[in-house]
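**Q** Now for the letters of each chain:
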Amino acid sequence: MKKVTFTKRPAKGGAVQVHGTVVSLHNGLLLVSTGIPSLDSVLGGGVPLGSVFLLEEDVHTRFSTLLTKYFLAEGVTSGHGLYVASANVNPNVLLNALPKPTSMSSTRSSQQKNDNDMKIAFMYKDLPKNQSSLSGVSRYGHYYDISCNMDKSEVEKCDLKSLRLTDEISYGEGKNDMFRYTLKHLKQCINNSRYEMPQKNSGDQQLNVLRVVLPHFASPLWCGDKPDNIHNIVRFLHCLRAVARNSMIACLVTIPTHLYHENEVAMIRQLVDTSVELEAFVGEKNPVFKQYHGLLKIHKLPRLNSLVNFVPDSFDLAFELKRTKFIIEYMHLPPDISETASRQGMDETNDKLHPRSACGGVSLNKKLDF
Amino acid sequence: MLEKLLSGEETSRLVLICDDQFTNGSTLLRAFARSLIKRGCQLHLFCFEQHPTNFIKHLNLHNDSNVHVHDFYSDPIGWDDGDGCLLGSRLFDINSKINQEQAGGSNTAVVIDSLSMTLQTCESTSVCQQLHKLSHNQRVIQTVMLHHTHLHVDDVTKRLSHISDSVLKLNLTSSLPKITFSKKSIHDGTICVTVHRKLNGKVFLSEEKVEILSDSSVEACPWQQDPLSAQTGGISLNEEPDVTSEANLTFNLNLSVREKKERSKLVMPYIKASEEEKVEIHRSTGGGGKIFYEPDDVDDFDDEDPDEDLEF
Chain F
878 MKKVTFTKRP AKGGAVQVHG TVVSLHNGLL LVSTGIPSLD SVLGGGVPLG SVFLLEEDVH
938 TRFSTLLTKY FLAEGVTSGH GLYVASANVN PNVLLNALPK PTSMSSTRSS QQKNDNDMKI
998 AFMYKDLPKN QSSLSGVSRY GHYYDISCNM DKSEVEKCDL KSLRLTDEIS YGEGKNDMFR
1058 YTLKHLKQCI NNSRYEMPQK NSGDQQLNVL RVVLPHFASP LWCGDKPDNI HNIVRFLHCL
1118 RAVARNSMIA CLVTIPTHLY HENEVAMIRQ LVDTSVELEA FVGEKNPVFK QYHGLLKIHK
1178 LPRLNSLVNF VPDSFDLAFE LKRTKFIIEY MHLPPDISET ASRQGMDETN DKLHPRSACG
1238 GVSLNKKLDF
Chain U
19 MLEKLLSGEE TSRLVLICDD QFTNGSTLLR AFARSLIKRG CQLHLFCFEQ HPTNFIKHLN
79 LHNDSNVHVH DFYSDPIGWD DGDGCLLGSR LFDINSKINQ EQAGGSNTAV VIDSLSMTLQ
139 TCESTSVCQQ LHKLSHNQRV IQTVMLHHTH LHVDDVTKRL SHISDSVLKL NLTSSLPKIT
199 FSKKSIHDGT ICVTVHRKLN GKVFLSEEKV EILSDSSVEA CPWQQDPLSA QTGGISLNEE
259 PDVTSEANLT FNLNLSVREK KERSKLVMPY IKASEEEKVE IHRSTGGGGK IFYEPDDVDD
319 FDDEDPDEDL EF
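Chain order of the listed sequences is F and U. Residues 878 to 1247 in the working numbering are what the first sequence spells out, letter by letter. Residues 19 to 330 in the working numbering are what the second sequence spells out, letter by letter.
Note that these hints are calculated values from the structure, not bench results. Among the hints, erroneous ones may be present.
Covered stretches of chain F (in silico footprint by chain U; criterion: 3 or more residues with CB under 8 Å from a CB of chain U, positions within the stretch not fixed) [to be verified]:
#: 1; region: 1128 to 1137
#: 2; region: 1157 to 1165
#: 3; region: 1182 to 1189
What you are looking at is a predicted structure, and each value in this text was computed from that prediction instead of being measured. Idealized CB from N, CA, C, for every residue including glycine.
Turn these sequences into a full structure, and let the hints steer you where they fit.
**A** So this is what it looks like as structure tokens:
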């Protein structure tokens, strides 16, 4: 079984030890969790430190906001620092509504209590328990319950920095001022703090990860309408990546790319390390998608430190939101269509899905009857 | 969903009504204005496309003291040295005005007859920013705007939809375009497609057939699109002849009626054996089985929300 724990390497080996991170098995980089274990596994373990993760928003921003909350909540549980910069929307609104981690400690204690009480699976009573949960509070990758909010005290334990961009800043010298101000503010927060990349690797440094989140970046609230607007965005992402490479930060940027032209979106994707798009279903009638809430499309995976990037088993991914889990699954073909041929009632739905065409399609009235 | 939005059951800070050259959205806008006044709001009305008195006449109000009219129709560019000068930010001075007003209380609503003129003179992103600020103003409970999608590029409509909480798109029942360009009244087969985003993020989509009566009250009933007419625009396809491969066979693969009856009478070998078993079982156990189930603590019930009404 793959060991997800962080193994303590000897100090001579030059390993940096930071809690809440894991060393990648593919390229040796330090990874942080996105807050959603299934997304972590699709990305090859998590988001690499020092990279920019782009989340392309779904049209109504329901799931992208949720993913941002998971990312921040994971930061709180791992004890990382948080930085949120948003335009005209109060960042505290986001920080006050983080989901609560499903408590692993209480389940562990109840498991020990019921050790001798297994009524149904009594034959497994004597088998050794499979310790899937590890000792230590902040292990990698947690599950969150979105119906309850995280305790404020937990959130306040972390190092919180937020930036709210209002009119006074943006109407300085044109709209690109907003971007410059954000970059300056971020650099100020990082300089001479625990988040700066250490020059020398000495074993006794207190290093921590700063999670930088830019929700609804490049929405109409952030920028002007001029044709060079995309250049400002692209320049910002370039500088952000440079800042990220030189510090211990993991950036999550969400952009409503459906508002931009294809060429512009291609330029944006070029300048980030990982790009994932969410497409939510609203009133979807396709029975193949019945149990899912949307599709997850991977446009770019990080290729840092290696020639070949991590490739998941399949790129056809769909997600489903449950109260305590956000699940991402590989989509597989539905059961063989010949099942529906014998059912007369399926005629209508099949007509909607597969309009009659001369070539192929499903022939519902089989004349051959053995 | 439309009626819930109108009555205020569903809170929506920014409502965008989209119409095009074949549908007329101003009657629906009037219906929203009327219901807002009925709920006791101070209404700020921005008229760009029709004279304010014309708009108010159709609202059938007993007293219009609650309506503050901002007339941008009579003299938009200020040729007569009028008040309504259509500089970009004039429309949005309202934000600061509302904050200054003390008598208004917290029940102010804004109705904008059409955004087209403002969008033509200002950049769409700055209009979006101002509208966003207006909708988030603590005192304004709702802002309703009319947008003509055929007068602007798609990008503008997309951006406005992005910042709005509810988008109501008016379509005609049949997908074949009408040739006449007259402003048809909404009585005639208009469908409203509502996409409403609740505050907790959940999105609802509904299609309803809308009828607006002369006193600006709305009747909406859910509408299911006829699948055949949707695909083909009302023209029915010819049924394709079923191609069967048995056309060239020399023997008959079908069963006659008599043969089918005989087949159904045939008893399968397993049926006999199971019937014998059934008789034995009935004899041995008196009352059948009972299952006692006690869920362990680690049993996970289904976490999904079947009614989609839980607030996450």
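**Q** Now tell me, hint by hint, if it's right for this structure.
**A** Hint by hint, here is what the structure shows:
For the region 1128 to 1137 of chain F, the assignment as covered by chain U holds, since 3 residues bring a beta-carbon within under 8 Å of that chain's beta-carbons and 3 suffice. Restraint check on the region 1157 to 1165 of chain F versus chain U: 3 residues with Cβ-Cβ distances below 8 Å, three needed, restraint holds. Figure legend: the region 1182 to 1189 of chain F, annotated as covered by chain U; annotation inconsistent (0 residues with Cβ-Cβ distances under 8 Å, at least 3 required).
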